[in-house]
Amino acid sequence: MSGWDNAPYPDHPPFTWGDRLRIAARILPLALLVFGGLILLLTVRLVERPLSGASRPVSPRITQGVCRGAVWLCGLDWRSEGRMMDRPGALVANHASWLDIFVLNAAGPLYFVSKAEVADWPGIGWLARATGTVFIRRDRRAAAAQRDTFVGRLRNGHRLLFFPEGTSTDGRRVLPFKTTLFAAFFTDDMKARMAIQPVSVRYSAPEDQPPEFYGWWGDMEFGLHLLRVLSARHRGAVRVDFHAPLGVADFPDRKALARAAEVAVRGDRPSE
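When you number the sequence shown by UniProt numbering, it's gap-free, plus one each residue, and the end is 272.
Treat the hints with care, as some may be off.
Within a straight-line C-alpha distance of at most 25 Å, the following computed DSS-like cross-link-like pairs (lysine-lysine) qualify [unchecked claim]:
(1) 255 with 191
(2) 115 with 178
(3) 255 with 115
(4) 255 with 178
(5) 191 with 178
To be clear, the hints were calculated from the coordinates, so they are not data collected in a lab.
With the hints as constraints, model all of the structure from the sequences given.
Spelled out as structure tokens, the structure:
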């Protein structure tokens, strides 16, 4: 855990009756969309798996459609700049919230790399497993096996996305990137054809809320944060910027590649 995980949380006033009514009006459609989409995805996978194996040509599009609807129901106006790359490799982004999963999946088919604990979270864990998330453990003893898993997914043509900060923040800064997962791209048979695409996610809070409104970090309760998001009187916004891909072969090692990606993702935001 980094020092950021112990940062104080913003104070929130108690829910008003108006807040409760907005939550009630939004949470049922959101649940129906997400879990209805999950049922549809699993049904499609019954046919897709024997025909296409690990390539998943159809089911990620279901995830994308569900996530676009979920972003809207969570009160966010979504837009993007640039284009998601279509060459082999992975995307790396800053990490501000559980909302990042919806926001980034809304941009196009991809597979997240997540800490292993997420697989056991009620609701979120089921969704993560169904959508092909790669789970990793923060354990040096497991580093080699995890790198092999990572490489295997890349060889299957999967477009992966991971959060090199290693934790989430309030979205107003970018933490130094951890370099461990970048090593997977420097294997001899992959380096020449792989690329890393930096992606910046920027949230704009509703007009009557603090700037860190969408940030979710440390031991902040997921359920309470979800209710805060759904109770917002005004809509917020999120912008996803796709920067130019970085060819792995253009960098001498994982540290240089990670640093270049970090600079692109941060832009004009501070570091810690």
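Hints, one by one, checked against the model:
The suggested pairing of residue 255 with residue 191 holds, with an alpha-carbon distance near 14 Å, which does not exceed 25 Å. Distance check on the hinted pair: residue 115 and residue 178 sit about 14 Å apart at the alpha-carbon level, within 25 Å; holds. Taking the CA atoms of residue 255 and residue 115, the gap is near 21 Å; set against the 25 Å cutoff, the hint holds. This hinted pair checks out: residue 255 and residue 178 have alpha carbons roughly 9 Å apart, not beyond 25 Å.
Annotation: proposed proximity of residue 191 to residue 178 holds, straight-line Cα distance about 19 Å (limit 25 Å).
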